[in-house]
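> Sequence:
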Amino acid sequence: MKKKISKLLAATALMGTLGMSVVACSDNNSANKTKQSSVKKTAKDKASDTKNTVRKSQIKLSQTEAINKFDKKYSNKDLKEIDLKLDGSKYIYEITGFDKDKEYEMIINAINGKEVKSSSKKLDLDERLQKGLDLDKIISRNQASEIAEKEVKNSTAKEWTLKMDKDKAIWDVTVESGTSKHEVEIDAISKKVIKSEKDD
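Residues -26 to -1, 1 to 174 in mature numbering (1 follows the signal peptide of the UniProt record, and there is no 0) are what the sequence shown lists, from first letter to last.
Worth flagging that the hints you see were computed from the coordinates, not collected in a lab.
Ideal Cβ positions, reconstructed from N, Cα and C, are used throughout, including at glycine.
Here are the simulated distance ranges between beta carbons:
id: 1; residue 1: ILE168; residue 2: SER36; range: 24 to 30 Å
id: 2; residue 1: ILE168; residue 2: LYS74; range: 25 to 31 Å
id: 3; residue 1: THR153; residue 2: LYS96; range: 41 to 47 Å
id: 4; residue 1: SER151; residue 2: LYS96; range: 38 to 44 Å
Straight-line Cα separation of at most 30 Å, DSSO-like style, residue types lysine-lysine; simulated pairs:
id: 5; residue 1: LYS111; residue 2: LYS95
id: 6; residue 1: LYS76; residue 2: LYS64
id: 7; residue 1: LYS54; residue 2: LYS74
id: 8; residue 1: LYS111; residue 2: LYS54
id: 9; residue 1: LYS137; residue 2: LYS76
id: 10; residue 1: LYS96; residue 2: LYS74
id: 11; residue 1: LYS142; residue 2: LYS124
id: 12; residue 1: LYS96; residue 2: LYS46
id: 13; residue 1: LYS96; residue 2: LYS43
id: 14; residue 1: LYS59; residue 2: LYS43
id: 15; residue 1: LYS105; residue 2: LYS91
id: 16; residue 1: LYS46; residue 2: LYS59
id: 17; residue 1: LYS111; residue 2: LYS127
id: 18; residue 1: LYS95; residue 2: LYS64
id: 19; residue 1: LYS76; residue 2: LYS43
Working from the sequences, and respecting the hints, build out all of it.
Here it is in structure tokens:
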């Protein structure tokens, strides 16, 4: 009788140990899966960051150099707008200037500095009273990027527009955070965020 009881106790103990092992293995597997998914996510984020860095590294031409190219072709013009944006997978500058009669536009490749296209058109009557950008008073593109990236957490500045809007100099910065895009509008003199909204 004692032998039967001790055998029964041994069998119960063995079953308990096996059960605990199965639970432990199960916990380890789920922990491993969680760890793997977080590693995958991190790798994806890194790939996205690398892509943004690679794109930004394509910008070989500074804003000043781009403006100088515009000035060389269209001298003594007031500047209305300076865009630095992606055209497909390449960055381009799109610079718009004006005088009392016409508006002038020039597109420049931001990688090699070559002119892509230029054109001019007659100003409308209501456009003849517009003011040009005063580049000595405005913050730099890097400063605008920092402000926009601070406004939208974990974001990277991707495209920039410096423009005159109702006699006020504005930086319009597009930032990316994960899969979403945000537009951040900044007063180019006071550095204040005027508007921040998510793109649909």
